[in-house]
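Between the sequences and the hints, there should be enough to build the whole structure, so can you do that?
Protein chains in written order, with this note's numbering: chain Y, 1 to 445; chain Z, 1 to 153.
Any given hint could turn out to be false.
[Claimed, not checked] Each computed DSS-like pair below joins lysine-lysine, with the alpha-carbon atoms no more than 30 Å apart: (1) Y:79 <-> Y:435; (2) Z:4 <-> Y:277; (3) Y:435 <-> Y:2; (4) Z:133 <-> Z:95; (5) Z:95 <-> Y:114; (6) Y:114 <-> Z:4; (7) Y:114 <-> Y:395; (8) Y:79 <-> Z:5; (9) Z:4 <-> Y:281; (10) Y:219 <-> Z:5; (11) Z:4 <-> Y:393; (12) Y:145 <-> Z:95; (13) Y:219 <-> Y:277.
[Unchecked claim] Pairwise CB distance ranges (calculated): (14) Z:104 <-> Y:93: 36 to 46 Å; (15) Z:9 <-> Y:36: 55 to 65 Å; (16) Z:9 <-> Y:37: 49 to 59 Å; (17) Y:367 <-> Z:36: 44 to 54 Å; (18) Z:89 <-> Y:107: 27 to 37 Å; (19) Z:133 <-> Y:435: 17 to 27 Å; (20) Y:277 <-> Z:16: 24 to 34 Å; (21) Z:12 <-> Y:216: 17 to 27 Å; (22) Y:107 <-> Z:23: 35 to 45 Å; (23) Z:33 <-> Y:393: 27 to 37 Å.
The hints are simulated quantities; they were obtained by calculation from the structure and are not laboratory data.
Ideal Cβ positions, reconstructed from N, Cα and C, are used throughout, including at glycine.
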Amino acid sequence: MKYKSQKVAYWFFALSMLLLVLQIVYGFVMGFARIGFDNLHEFIPFNTARAVHTNLLVVWLLSGFMGAAYYIIPEEAQKELVSVKLAYVQLISLALVGVAAIVGFHFNIWEGRKFLEIPRPLDYLVVANVLLFLGLILVTLFKGKRQTTTALVLSMGLLFAALLYLPGMLQFDSQVTDSFFRWWVVHLWVEGVWELIMGGILSFLLIKLTGVDREVIEKWLYVIVGLTFLSGVLGTGHHYYYIGVNKIWIIVGGIFSALEPLAFLAMALFAVNMYRKGEKKHPNKLALYWTLGAAIVSFVGAGLLGFAHTLPQTNIYTHGTLVTAMHGHLAFWGAYGMIVLAIISYSLPNMTGRKMYDSSIGRAAFWLSNVGMVGMTVAFGVAGVAQVYLERKFKMDFMAVQNEISIHFVVLVLCALVFTTGIALYIVDFYKHGKPTDEALGIND
Amino acid sequence: MLSKKQARAFFLGGTLVTFLIFIGLTVYSLSEGVDQTNHKDLTESAIRGKAIWESNNCMGCHTILGEGAYYAPELTKVVDRLNIKYDGNGEDVIKSILMSEGPWQPNGRKMVAYNMSEQEAADVVEFFKWIGKIDLNGFDRVVSPLAKDKQNK
Numbered sequence: 001m002k003y004k005s006q007k008v009a010y011w012f013f014a015l016s017m018l019l020l021v022l023q024i025v026y027g028f029v030m031g032f033a034r035i036g037f038d039n040l041h042e043f044i045p046f047n048t049a050r051a052v053h054t055n056l057l058v059v060w061l062l063s064g065f066m067g068a069a070y071y072i073i074p075e076e077a078q079k080e081l082v083s084v085k086l087a088y089v090q091l092i093s094l095a096l097v098g099v100a101a102i103v104g105f106h107f108n109i110w111e112g113r114k115f116l117e118i119p120r121p122l123d124y125l126v127v128a129n130v131l132l133f134l135g136l137i138l139v140t141l142f143k144g145k146r147q148t149t150t151a152l153v154l155s156m157g158l159l160f161a162a163l164l165y166l167p168g169m170l171q172f173d174s175q176v177t178d179s180f181f182r183w184w185v186v187h188l189w190v191e192g193v194w195e196l197i198m199g200g201i202l203s204f205l206l207i208k209l210t211g212v213d214r215e216v217i218e219k220w221l222y223v224i225v226g227l228t229f230l231s232g233v234l235g236t237g238h239h240y241y242y243i244g245v246n247k248i249w250i251i252v253g254g255i256f257s258a259l260e261p262l263a264f265l266a267m268a269l270f271a272v273n274m275y276r277k278g279e280k281k282h283p284n285k286l287a288l289y290w291t292l293g294a295a296i297v298s299f300v301g302a303g304l305l306g307f308a309h310t311l312p313q314t315n316i317y318t319h320g321t322l323v324t325a326m327h328g329h330l331a332f333w334g335a336y337g338m339i340v341l342a343i344i345s346y347s348l349p350n351m352t353g354r355k356m357y358d359s360s361i362g363r364a365a366f367w368l369s370n371v372g373m374v375g376m377t378v379a380f381g382v383a384g385v386a387q388v389y390l391e392r393k394f395k396m397d398f399m400a401v402q403n404e405i406s407i408h409f410v411v412l413v414l415c416a417l418v419f420t421t422g423i424a425l426y427i428v429d430f431y432k433h434g435k436p437t438d439e440a441l442g443i444n445d
Numbered sequence: 001m002l003s004k005k006q007a008r009a010f011f012l013g014g015t016l017v018t019f020l021i022f023i024g025l026t027v028y029s030l031s032e033g034v035d036q037t038n039h040k041d042l043t044e045s046a047i048r049g050k051a052i053w054e055s056n057n058c059m060g061c062h063t064i065l066g067e068g069a070y071y072a073p074e075l076t077k078v079v080d081r082l083n084i085k086y087d088g089n090g091e092d093v094i095k096s097i098l099m100s101e102g103p104w105q106p107n108g109r110k111m112v113a114y115n116m117s118e119q120e121a122a123d124v125v126e127f128f129k130w131i132g133k134i135d136l137n138g139f140d141r142v143v144s145p146l147a148k149d150k151q152n153k
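See the structure below:
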């Protein structure tokens with residue numbers, strides 16, 4: 001820890017934790033509704049709970065990415081953040097925009113476009129917020145003593161993520177065209193530029209935790225993000241198979257989607273190999289768990305389950321079913337949730353001075369949250385496959401099928417309880433670290 | 001052995017080439033002649049219907065073109081399906097659900113009471129009818145078995 005301005009990251013991470021808790025609460029509202037306990041319908045109907053759940057996911061991850069950038073960039077660029085005050089302004093405005101959006105969803109104020117429900121006026125505030133964030137990060141980076149590959153890849157991911165928000169603000173009369181360009185945002189975020197962010201954070205953590213030479217790690221970082229874009233950009237086509245656009249996307253999307261797991265496989269092999277190769281054994285075991293866990297779980301959730309779901313021959317049956325929710329949950333958790341928790345686990349002891357590197361609470365948090373999420377994924381998968389067979393093969397009515405598969409949502413809720421226990425323990429551990437202090441920073445100087 | 005410079009060239013070159021192909025395919029697939037989005041048949045009423053669909057976040061429960069929340073039925077070809085189920089009165093059934101002052105609760109799963117006007121409900125039906133005519137590369141027949149039966153007769 002060398003730069004006092006890094007402690008602004010703590011507050012972004014704290015906001016992340018708060019939003020994650022809220023996201024889980026709304027997840028339970030949906031889980032209970034699916035098994036017939038929809039008692040909150042009058043105040044929180046399913047579509048409200050769903051919009052809140054998915055948008056909070058995006059915002060807590062973005063807050064985590066921003067915190068990661070505020071922590072990583074000063075250290076990589078060897079320069080204090082150009083303005084800590086503006087970073088706090090950006091944090092508060094991010095929280096206010098998020099709260100305004102979430103409250104609005106409860107009063108039927110939204111756009112009704114999956115993942116992009118934030119109403120247009122708030123979109124402009126999001127853009128202003130992200131521009132401020134990018135300004136702070138990029139000016140710090142380019143005024144710094146060095147521009148490392150890790151910092152450049154991370155910043156490039158954040159910059160592209162901001163640019164790709166713009167196609168989502170275009171308005172179309174046709175549902176097909178609307179959906180087509182909505183995927184430019186959603187797909188190219190999660191299966192494109194967010195992987196750059198993940199790769200940048202992963203690279204930073206591996207350099208710090210394993211002691212492997214930066215040049216080696218950053219070389220493979222280029223290969224991985226290269227594979228990501230090579231497969232992921234044209235892999236967007238898997239969203240276009242059956243929404244009313246030309247068949248060319250079935251061929252192109254089918255081929256390039258099948259290649260998408262390569263990037264995740266490379267990331268998992270990269271992380272495990274660097275760990276084995278590293279001579280330095282950093283005492284922060286928890287950060288190492290989350291780092292290696294993110295690389296491995298993302299390969300399973302995003303890579304393997306994504307591959308199974310996006311083959312055109314499979315997707316014609318699984319498109320628009322709970323199979324998508326199966327893939328989505330493990331993919332988001334592995335690739336992005338876990339990497340945010342990894343950078344928090346690494347940076348927290350450095351910012352607070354409390355070296356709780358291998359606490360039993362922290363270990364339990366890791367295992368319970370992962371076991372819970374895998375259980376939820378299996379429950380979604382079984383429900384989804386049953387839905388496909390009953391509804392699309394045996395022509396049963398939608399609601400009759402939903403009643404048949406509701407038992408799987410009981411399992412889902414039970415697994416979600418295990419997951420929630422893990423997250424609660426993680427937050428207890430977060431709280432126990434205390435706040436970042438100048439004294440703690442001084443100790444590390 | 002791959003150098004860092006070569007790895008960077010692979011990243012930048014691969015990204016540029018795939019983005020250019022992606023843009024080219026986008027232009028191609030939405031160009032006249034190969035476009036199958038049914039854009040030409042879009043009416044003012046269907047456009048208003050889409051706006052109502054979005055402003056009420058119907059996709060937060062239902063799916064359309066296979067996209068949504070999987071909590072309530074897929075609405076691609078819903079007019080056809082309900083016409084078969086209710087002896088040609090599919091449109092009226094949809095309108096009555098949308099205009100209902102009380103919550104619609106089929107099989108115990110609740111839908112918000114939207115209390116729409118006759119015109120608004122008609123616009124949403126027009127939107128569904130327009131959606132139903134899109135060429136979905138075969139998905140429409142998978143997602144709507146009743147409509148598929150009708151086509152096979």
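Check the following: the C-beta atoms of residue 89 (chain Z) and residue 107 (chain Y) are separated by a distance inside 27 to 37 Å.
The hinted range 27 to 37 Å holds for residue 89 (chain Z) and residue 107 (chain Y), with Cβ atoms some 34 Å apart.
Q: With 27 to 37 Å as the target window, see if residue 33 (chain Z) and residue 393 (chain Y) comply at their CB atoms.
A: holds (35 Å)
Worksheet item: Should the hint that residue 107 (chain Y) and residue 23 (chain Z) are 35 to 45 Å apart at their CB atoms be regarded as holding?
Response: The hint (35 to 45 Å, Cβ to Cβ) holds, given that residue 107 (chain Y) and residue 23 (chain Z) are roughly 39 Å apart.
Worksheet entry | Range hint 17 to 27 Å (beta carbons of residue 133 (chain Z) and residue 435 (chain Y)) holds or violated | The hint (17 to 27 Å, Cβ to Cβ) is violated, given that residue 133 (chain Z) and residue 435 (chain Y) are roughly 60 Å apart.
| said: Tell me if the straight-line CA distance from residue 114 (chain Y) to residue 4 (chain Z) falls inside 30 Å. | reply: violated (39 Å)
If I claimed the Cβ atoms of residue 367 (chain Y) and residue 36 (chain Z) lie 44 to 54 Å apart, would that claim hold in this structure? Given about 49 Å between the Cβ atoms, the range holds.
query = CA of residue 435 (chain Y) to CA of residue 2 (chain Y), is that 30 Å or under?
reply = Within the cut-off at roughly 17 Å; holds.
| Holds or violated: are the alpha carbons of residue 95 (chain Z) and residue 114 (chain Y) at most 30 Å from each other? | Distance of about 24 Å is within 30 Å: holds.
Worksheet item: Hey, residue 79 (chain Y) versus residue 435 (chain Y), does the alpha-carbon distance stay inside 30 Å?
Response: holds (22 Å)
- prompt: Do the beta carbons of residue 9 (chain Z) and residue 36 (chain Y) sit within 55 to 65 Å of each other?
  reply: Between residue 9 (chain Z) and residue 36 (chain Y), where Cβ atoms are some 57 Å apart, the hint holds.
Exercise for review: Could you check the hint for me, namely that residue 12 (chain Z) and residue 216 (chain Y) are 17 to 27 Å apart, CB to CB?
Suggested key: holds (20 Å)
Are residue 145 (chain Y) and residue 95 (chain Z) close enough, with their CA atoms no more than 30 Å apart? violated (66 Å)
The structure fails hints 6, 11, 12 and 19 (numbered hints given earlier, in ascending order).
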